[in-house]
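Chemist: Here are the chains, one letter per residue:
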Amino acid sequence: MKQQTLTGNLLDERAELSLKEISRACSSTSEWVIELVSEGVLEPVGREQEQWRFSGTSLLRARAAMRLQHDLDINVAGVALALDLIEEIETLRERLRRIETPTNK
Amino acid sequence: MDFKDYYNIMGVERDASQDEIKRAYRKLARKYHPDVSKEADAEARFKDLGEAYAVLKDPEKRAAYDQLGADWKAGQDFQPPPNWDAGFEFSGGGYSGGDSAAYSDFFETLFGHGFGSAQTDRSRAGFHARGEDHHAKVLIDLEDAYQGAVRSITLRTPEFDSSGHVTTKQRTLKVKIPKGVKQGQRIRLSGQGSPGVGNGHDGDLYLEIEFNPHRLFRVEGRDVFLDLPVTPWEAALGGTIKTPTPEGPVDLKIPQGTSTGRTLRLQKRGIPGEPPGDLYVSLVITLPPADSDAARHLYRKMEKDLAYNPRGNLGA
Numbered sequence: 017m018k019q020q021t022l023t024g025n026l027l028d029e030r031a032e033l034s035l036k037e038i039s040r041a042c043s044s045t046s047e048w049v050i051e052l053v054s055e056g057v058l059e060p061v062g063r064e065q066e067q068w069r070f071s072g073t074s075l076l077r078a079r080a081a082m083r084l085q086h087d088l089d090i091n092v093a094g095v096a097l098a099l100d101l102i103e104e105i106e107t108l109r110e111r112l113r114r115i116e117t118p119t120n121k
Numbered sequence: 070m071d072f073k074d075y076y077n078i079m080g081v082e083r084d085a086s087q088d089e090i091k092r093a094y095r096k097l098a099r100k101y102h103p104d105v106s107k108e109a110d111a112e113a114r115f116k117d118l119g120e121a122y123a124v125l126k127d128p129e130k131r132a133a134y135d136q137l138g139a140d141w142k143a144g145q146d147f148q149p150p151p152n153w154d155a156g157f158e159f160s161g162g163g164y165s166g167g168d169s170a171a172y173s174d175f176f177e178t179l180f181g182h183g184f185g186s187a188q189t190d191r192s193r194a195g196f197h198a199r200g201e202d203h204h205a206k207v208l209i210d211l212e213d214a215y216q217g218a219v220r221s222i223t224l225r226t227p228e229f230d231s232s233g234h235v236t237t238k239q240r241t242l243k244v245k246i247p248k249g250v251k252q253g254q255r256i257r258l259s260g261q262g263s264p265g266v267g268n269g270h271d272g273d274l275y276l277e278i279e280f281n282p283h284r285l286f287r288v289e290g291r292d293v294f295l296d297l298p299v300t301p302w303e304a305a306l307g308g309t310i311k312t313p314t315p316e317g318p319v320d321l322k323i324p325q326g327t328s329t330g331r332t333l334r335l336q337k338r339g340i341p342g343e344p345p346g347d348l349y350v351s352l353v354i355t356l357p358p359a360d361s362d363a364a365r366h367l368y369r370k371m372e373k374d375l376a377y378n379p380r381g382n383l384g385a
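Respectively, the protein sequence lines represent chains A and B.
Quick note on my numbering: the first sequence kicks off at 17 and runs consecutively.
Quick note on my numbering: the second sequence kicks off at 70 and runs consecutively.
Since the hints were made in silico from the structure, they are not lab data.
C-beta: ideal position from N, C-alpha, C; glycine also.
One or more hints might be untrue.
A few chain B residues facing chain A, derived, Cβ under 7 Å [as the list claims (entries may be wrong)]:
id, residue
1, Leu242
2, Ile256
3, Tyr275
Heads up, incomplete: computed chain B residues facing chain A, CB under 7 Å, no partners named [claimed, not checked]:
id, residue
4, Arg83
5, Ala85
6, Ala98
7, Asp104
8, Asp202
9, Val219
10, Lys243
11, Val244
12, Arg255
13, Arg257
14, Leu258
Chain A stretches covered by chain B per the calculated footprint, using a threshold of three residues with CB under 8 Å from any CB of chain B [as the list claims (entries may be wrong)]:
id, segment
15, 22-28
16, 40-47
17, 70-82
18, 87-98
With these hints in hand, go ahead and build the complete structure from the sequences.
Modeler: Okay, structure coming up:
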């Protein structure tokens, strides 16, 4: 029997996960995700909770938040700070790399 | 099976207090947390650390571990002495939060069974009719990210059979990997998670993209890195050399007077996407071996004719 090829959704920068979906994908509750949103860790598109849409990048952030919170025993505000700093370091690393290397077309 | 020195992993003395152990754990956990650290072995170290802490923070496990003695060295082949755990009272409910699969054989042998059913449901409290979401990693080659691919992946799901034993069920899925995927990105396959109960929907399967280590290239985000060996004359005089890229070889122009470690950026030759990544080529100057009279003669001649002193400004 020939096996069917599955095509999934690539979760990229486009926002397509609902509040329910992202909570489930983190094995967590909507309340926890809402807390992340109010702390500014996640920035969904859409005004009302029912219309919120999260990007694939948000999912990665949310799961990182979950791991940090669980493994390092820090609260949501601490997680928010850690994630911001980690992201800033990554941006700086990338800028450094670009500055240090000339372009060759 | 290798012995694991939990005290060494935590960087504490054998007589460290519980407070010291906790402090050491907190500090190292922040340092090696895979979401924080960029070090290549962070994940392995963090795992070791979690395991060490799971034992040392628990007075029962720690006492049991201690009586193995201080003479064991990390990495030494280890077999637990018979009845090594006799006389210890294990209250069970052991290590928290982790799935036991994450721990080493060493840990499993010592604490996997005697400590009660450690795996008792890390419960999703309450009863959900919807099937659980699953997460799995899929390994792809860098080239797949450039071109897209179809990959067969085999997933093993633990299941309880009717008599309550754990068995693993295997299933194979064929999945399309879209062009332009990055390390760590997720692909969602609706309805491929756990089956729902009653009228509940099936859970989803999230596949995390991970690249197989590549013989030539390193990947960060959509940027790709290559170390390219060049000869001293190519570096000194410049030239055009054939350079491998994940899309096939290209001609790369080397400017004259290039020094080692110099990196060239090939725009948009990284992983495709919006925006596409770049390909970074670091030049590594390699010396031809002086393994013949002719070669030695040439080096001697360079020494004489070039009168080059790279240490001129070191003041020595």
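Chemist: Run every hint past the structure and note whether it holds.
Modeler: Here is what the structure says about each hint:
1. For the restraint placing leucine 242 (chain B) at the interface with chain A, the shortest Cβ-Cβ distance is roughly 6 Å, inside the 7 Å limit, so the hint holds.
2. Interface hint status for isoleucine 256 (chain B): upheld, as the beta-carbon distance to the closest one in chain A is roughly 4 Å, under 7 Å.
3. Residue-level restraint check for tyrosine 275 (chain B) holds (minimum Cβ-Cβ distance to chain A is 6 Å; threshold 7 Å).
4. Of the supplied interface hints, the one on arginine 83 (chain B) is violated, with its beta-carbon coming no nearer than about 25 Å to a beta-carbon of chain A, more than 7 Å.
5. A hinted interface residue such as alanine 85 (chain B) counts as satisfied when its beta carbon comes closer than 7 Å to some beta carbon of chain A; here the least separation is about 19 Å, so the hint is violated.
6. Hint on alanine 98 (chain B) holds. Least Cβ distance to chain A is approximately 6 Å, under the 7 Å limit.
7. Taken as an interface hint, aspartate 104 (chain B) checks out: its beta carbon lies about 5 Å from the nearest beta carbon of chain A, inside 7 Å.
8. A least Cβ separation of about 5 Å between aspartate 202 (chain B) and chain A falls short of the 7 Å threshold, and the interface hint therefore holds.
9. The criterion of a C-beta within 7 Å of any C-beta in chain A is met by valine 219 (chain B), whose closest approach is roughly 6 Å, and the hint holds.
10. Interface restraint check for lysine 243 (chain B): the shortest CB-CB distance to chain A comes to about 5 Å, inside 7 Å, so the restraint holds.
11. Proximity of valine 244 (chain B) to chain A holds as hinted, the smallest CB-CB distance being about 5 Å (cut-off 7 Å).
12. Hint status for arginine 255 (chain B): holds, given a least beta-carbon distance of 5 Å to chain A, under 7 Å.
13. Given the 7 Å rule on beta carbons, the hint for arginine 257 (chain B) holds: about 5 Å separates it from the nearest Cβ of chain A.
14. The interface hint given for leucine 258 (chain B) is met, as the beta carbon of that residue sits about 4 Å from the closest beta carbon of chain A, less than 7 Å.
15. Against chain B, the segment 22-28 of chain A contributes 7 residues with a C-beta closer than 8 Å to a partner C-beta. That satisfies the three-residue criterion, and the hint holds.
16. Residues of the segment 40-47 of chain A lying with their CB closer than 8 Å to a CB of chain B number 3, which satisfies the three-residue condition for coverage.
17. With 4 residues carrying a beta carbon less than 8 Å from a beta carbon of chain B, the segment 70-82 of chain A meets the three-residue requirement, and the given coverage holds.
18. Counting residues of the segment 87-98 of chain A whose beta carbon lies closer than 8 Å to any beta carbon of chain B gives 4, which reaches the threshold of three, so the coverage claim holds.
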